[in-house]
Amino acid sequence: MILHILTKAPGSSAALQMQQAVAGQDSVVLIEEAVTAALDPTWKAWQQCQSRIYLLSEDLLARGLATIAVDNQLPTLEMGGFISLTEKYEKSVTWY
Amino acid sequence: MILHILTKAPGSSAALQMQQAVAGQDSVVLIEEAVTAALDPTWKAWQQCQSRIYLLSEDLLARGLATIAVDNQLPTLEMGGFISLTEKYEKSVTWY
Amino acid sequence: MAATNALLVIIRHAPHSSNWLREGLDAALVAAAFGQPVHLLFMGKGILALLKEQGSGAPGQKATLPTIDMLEMYDIDKLWVTKEALQNMHLSTDSLVDGVTLIAEREVAGLLQQHTKILNF
Amino acid sequence: MAATNALLVIIRHAPHSSNWLREGLDAALVAAAFGQPVHLLFMGKGILALLKEQGSGAPGQKATLPTIDMLEMYDIDKLWVTKEALQNMHLSTDSLVDGVTLIAEREVAGLLQQHTKILNF
Amino acid sequence: MMQYGLLVMGAPYSSPAPHSALRFAHAVLDRGHQVAGVFFYHDGVHNASSLMAPPQDELNLHDAWIELHQQHAIPLDVCIAAALRRGLMSESEAQRHGKQAFNIASPFELTGLGQLLELQQRSARFITFA
Amino acid sequence: MMQYGLLVMGAPYSSPAPHSALRFAHAVLDRGHQVAGVFFYHDGVHNASSLMAPPQDELNLHDAWIELHQQHAIPLDVCIAAALRRGLMSESEAQRHGKQAFNIASPFELTGLGQLLELQQRSARFITFA
Numbered sequence: 001m002i003l004h005i006l007t008k009a010p011g012s013s014a015a016l017q018m019q020q021a022v023a024g025q026d027s028v029v030l031i032e033e034a035v036t037a038a039l040d041p042t043w044k045a046w047q048q049c050q051s052r053i054y055l056l057s058e059d060l061l062a063r064g065l066a067t068i069a070v071d072n073q074l075p076t077l078e079m080g081g082f083i084s085l086t087e088k089y090e091k092s093v094t095w096y
Numbered sequence: 097m098i099l100h101i102l103t104k105a106p107g108s109s110a111a112l113q114m115q116q117a118v119a120g121q122d123s124v125v126l127i128e129e130a131v132t133a134a135l136d137p138t139w140k141a142w143q144q145c146q147s148r149i150y151l152l153s154e155d156l157l158a159r160g161l162a163t164i165a166v167d168n169q170l171p172t173l174e175m176g177g178f179i180s181l182t183e184k185y186e187k188s189v190t191w192y
Numbered sequence: 193m194a195a196t197n198a199l200l201v202i203i204r205h206a207p208h209s210s211n212w213l214r215e216g217l218d219a220a221l222v223a224a225a226f227g228q229p230v231h232l233l234f235m236g237k238g239i240l241a242l243l244k245e246q247g248s249g250a251p252g253q254k255a256t257l258p259t260i261d262m263l264e265m266y267d268i269d270k271l272w273v274t275k276e277a278l279q280n281m282h283l284s285t286d287s288l289v290d291g292v293t294l295i296a297e298r299e300v301a302g303l304l305q306q307h308t309k310i311l312n313f
Numbered sequence: 314m315a316a317t318n319a320l321l322v323i324i325r326h327a328p329h330s331s332n333w334l335r336e337g338l339d340a341a342l343v344a345a346a347f348g349q350p351v352h353l354l355f356m357g358k359g360i361l362a363l364l365k366e367q368g369s370g371a372p373g374q375k376a377t378l379p380t381i382d383m384l385e386m387y388d389i390d391k392l393w394v395t396k397e398a399l400q401n402m403h404l405s406t407d408s409l410v411d412g413v414t415l416i417a418e419r420e421v422a423g424l425l426q427q428h429t430k431i432l433n434f
Numbered sequence: 435m436m437q438y439g440l441l442v443m444g445a446p447y448s449s450p451a452p453h454s455a456l457r458f459a460h461a462v463l464d465r466g467h468q469v470a471g472v473f474f475y476h477d478g479v480h481n482a483s484s485l486m487a488p489p490q491d492e493l494n495l496h497d498a499w500i501e502l503h504q505q506h507a508i509p510l511d512v513c514i515a516a517a518l519r520r521g522l523m524s525e526s527e528a529q530r531h532g533k534q535a536f537n538i539a540s541p542f543e544l545t546g547l548g549q550l551l552e553l554q555q556r557s558a559r560f561i562t563f564a
Numbered sequence: 565m566m567q568y569g570l571l572v573m574g575a576p577y578s579s580p581a582p583h584s585a586l587r588f589a590h591a592v593l594d595r596g597h598q599v600a601g602v603f604f605y606h607d608g609v610h611n612a613s614s615l616m617a618p619p620q621d622e623l624n625l626h627d628a629w630i631e632l633h634q635q636h637a638i639p640l641d642v643c644i645a646a647a648l649r650r651g652l653m654s655e656s657e658a659q660r661h662g663k664q665a666f667n668i669a670s671p672f673e674l675t676g677l678g679q680l681l682e683l684q685q686r687s688a689r690f691i692t693f694a
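Chains as they are written, first to last, in the numbering used here: chain A, 1 to 96; chain B, 97 to 192; chain C, 193 to 313; chain D, 314 to 434; chain E, 435 to 564; chain F, 565 to 694.
FYI, nobody ran anything at the bench for these hints, they're computed from the structure. Please note: incorrect hints may appear among the correct ones.
[What the hints assert, rightly or not] Chain D is nowhere near these chain A residues, computed Cβ spacing over 10 Å in every case:
id, residue
1, 26
2, 88
3, 91
[Stated by the list, open to error] Label pairs and their calculated CB-CB ranges:
id, chain 1, residue 1, chain 2, residue 2, range
4, E, 492, B, 171, 18 to 26 Å
5, E, 436, B, 171, 40 to 48 Å
6, B, 171, C, 306, 42 to 50 Å
7, A, 51, D, 400, 28 to 36 Å
8, C, 306, B, 184, 15 to 23 Å
[What the hints assert, rightly or not] Rough simulated footprint, nothing fancy, chain A against chain C, three-plus residues with beta-carbon under 8 Å:
id, stretch
9, 225–233
10, 267–279
11, 300–308
Positions of the beta carbon are idealized from the N, C-alpha and C atoms, including for glycine.
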């Protein structure tokens, strides 16, 4: 079981490579530029990872995307929630 | 009339933005990572820019792509040819 | 379209992801301060610089929005964005700051031809 | 697939475009020199590191191929590449160095699960 | 309580990775965990530059890492090969290379990639910021 | 004969832009043109670091730019704001910021963005490497 950390936007090589690497029990945290995924509720990873993919709210706020994430009903977490996921998952891989 | 210099691979944001910006009389030089375009003769820019798009041969050689460019019958130029294009075109824009 | 002596600064990078946006806007502001007319074209993720709800960034990270708000004071009033790029990002003009001019994507090539000086960030 | 103690180094960047490839391979070589088993997975443009016709690079730029050739000496003999990635790049195995193992894209997730230590470059 | 190891591979002001890593480190410590070490590799080596002088309204990341070290005695290791190539060196490396100046000093330590692997081995959690 | 202005925005060893720019500059000069100046901006400011110490089998780009300057008297201007933020400063800036060392020296000159615009104005051809 792996926690995937994506730092680049959907459509980037990093995002595509992560999508190839995600397995059934894995979770995904979207940070930095990856939070622009909030703009696109049709992005395949939302479906692929269902209830196990989250946007980092601090990075959404910084970029003015917090309202849009709420409107699109996308799951967010704060830094504390990010830490909780790293506690739960022994391994993490960052895609950049 | 503009000389476009692309430094990133087809499929990158830089390449897509360049394709939006190219006009009828413009030329394109592909350098650095953009020479990986040699692998894909179906890339739209080949059609879009026809006889006015070139791969920099030094950068093809460094990456082991020179033979593939020949096999795919793609036009190349050396650094001298690149300079000639900058002589011909008053303006250049680099996409990276 | 007539040729213009204005400097065209193209902004293609999002806030906070790198320093491209900041340093691109700095170049635009310095040119304007030196009395050169400046036009801005936002492409791709550069459009995110115009989102009006942007916060101050992570602690200690400088926000971009105050710089965008300063553009008008420097007489930079051409902020071009393509309709297609907005649609691709699922954004409406309501989410952007005031003063943005929408153009069609097919006009971009013409804009570049029109300007004798271009800086691409 | 059984869990392995080997370090999995993922290579995703092309030669000459940045230092990611070089510095990723350096990490793999150092781990191997310290006696740790190392496996390499090449994804996306990382596959270009395996092209056998690579030249020496622009004057003064170091080539990657000698480093790839050194992997075997360090007992790094698992060089995984996905068939799909090769196809996407219109490449055949003939253009790659010897010793590459082709896998299917659907096996990638399993490989990551299998390795307890991963470094992603 | 767990040991976290952090790998930082982005440069300040060119990448958001150092900011993310620093916020993450503080949050991990707030939760009662420990940070076993931070390793700076690739462009991340620029975090160690003592000559960094950002505008006053921006965080000085070099100073922020030192503060983290002072509060929690966290080792700050910098890959020597990545650093030298990018213009970062300690006083002893400066002497060895015949340079008049240096821009890396304690608590940042120049070290080899072996330290990175060792950090990964002894950390229960290993997180990369790049 | 024409005047070429070059803008370099990539760091050595992290981007191929400096290599491309240097090869381009030499080719332009070989053709009988002149290079009116090179301006280093964004991560390109790292080209000016006097502390760069790459392995011996790699080109030292700092030295290569100085050689270009010595042979052809080409001004090498470095954006001061981009440089300070990234840990690059001259002796006088080091004094102003209370730093013990500096890593930018002549023929590299710290200057403002006005110089970039001025270079673009007076060059018949202006080429960006990034």
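For this session: Establish whether the coverage given for the stretch 267–279 of chain C by chain A is satisfied; the threshold is a Cβ-Cβ distance below 8 Å, and no fewer than three residues must meet it.
Result: Our answer is that it is violated, as 0 residues pass the Cβ test (under 8 Å) against chain A, missing three.
For this session: Take the C-beta atom of residue 436 of chain E and the C-beta atom of residue 171 of chain B, compute their distance, and say whether it sits inside 40 to 48 Å.
Result: Violated: the Cβ-Cβ distance is about 57 Å, outside 40 to 48 Å.
For this session: Indicate whether the distance between the beta carbons of residue 171 of chain B and residue 306 of chain C respects the range 42 to 50 Å.
Result: violated (29 Å)
Exercise. Looking at residue 88 of chain A again, its CB stays over 10 Å from all of chain D?
Worked result: holds (15 Å)
For this session: Examine the stretch 225–233 of chain C: at least three residues should have C-beta closer than 8 Å to a C-beta of chain A.
Result: violated (count 0)
For this session: Given the range 18 to 26 Å, decide if the beta-carbon distance of residue 492 of chain E to residue 171 of chain B lies inside it.
Result: At 46 Å between Cβs, range violated.
Problem set entry | Assertion that residue 91 of chain A lies outside the chain D interface [Cβ separation over 10 Å] | Nearest chain D Cβ is 7 Å from residue 91 of chain A, so the label is violated.
Exercise. Per the stated criterion, does the least C-beta distance between residue 26 of chain A and chain D lie above 10 Å, as a non-interface residue requires?
Worked result: violated (8 Å)
For this session: Can you let me know if the beta-carbon spacing of residue 51 of chain A and residue 400 of chain D is within 28 to 36 Å?
Result: holds (33 Å)
Problem set entry | Status of the given 15 to 23 Å range, CB of residue 184 of chain B versus CB of residue 306 of chain C | holds (20 Å)
Exercise. Are there at least three residues in the stretch 300–308 of chain C whose beta carbon sits under 8 Å from a beta carbon of chain A?
Worked result: Violated, because only 0 residues of the stretch 300–308 of chain C bring their Cβ atoms closer than 8 Å to Cβ atoms of chain A.
In summary, the structure is inconsistent with hints 1, 3, 4, 5, 6, 9, 10 and 11 from the numbered list given earlier, while agreeing with the others.
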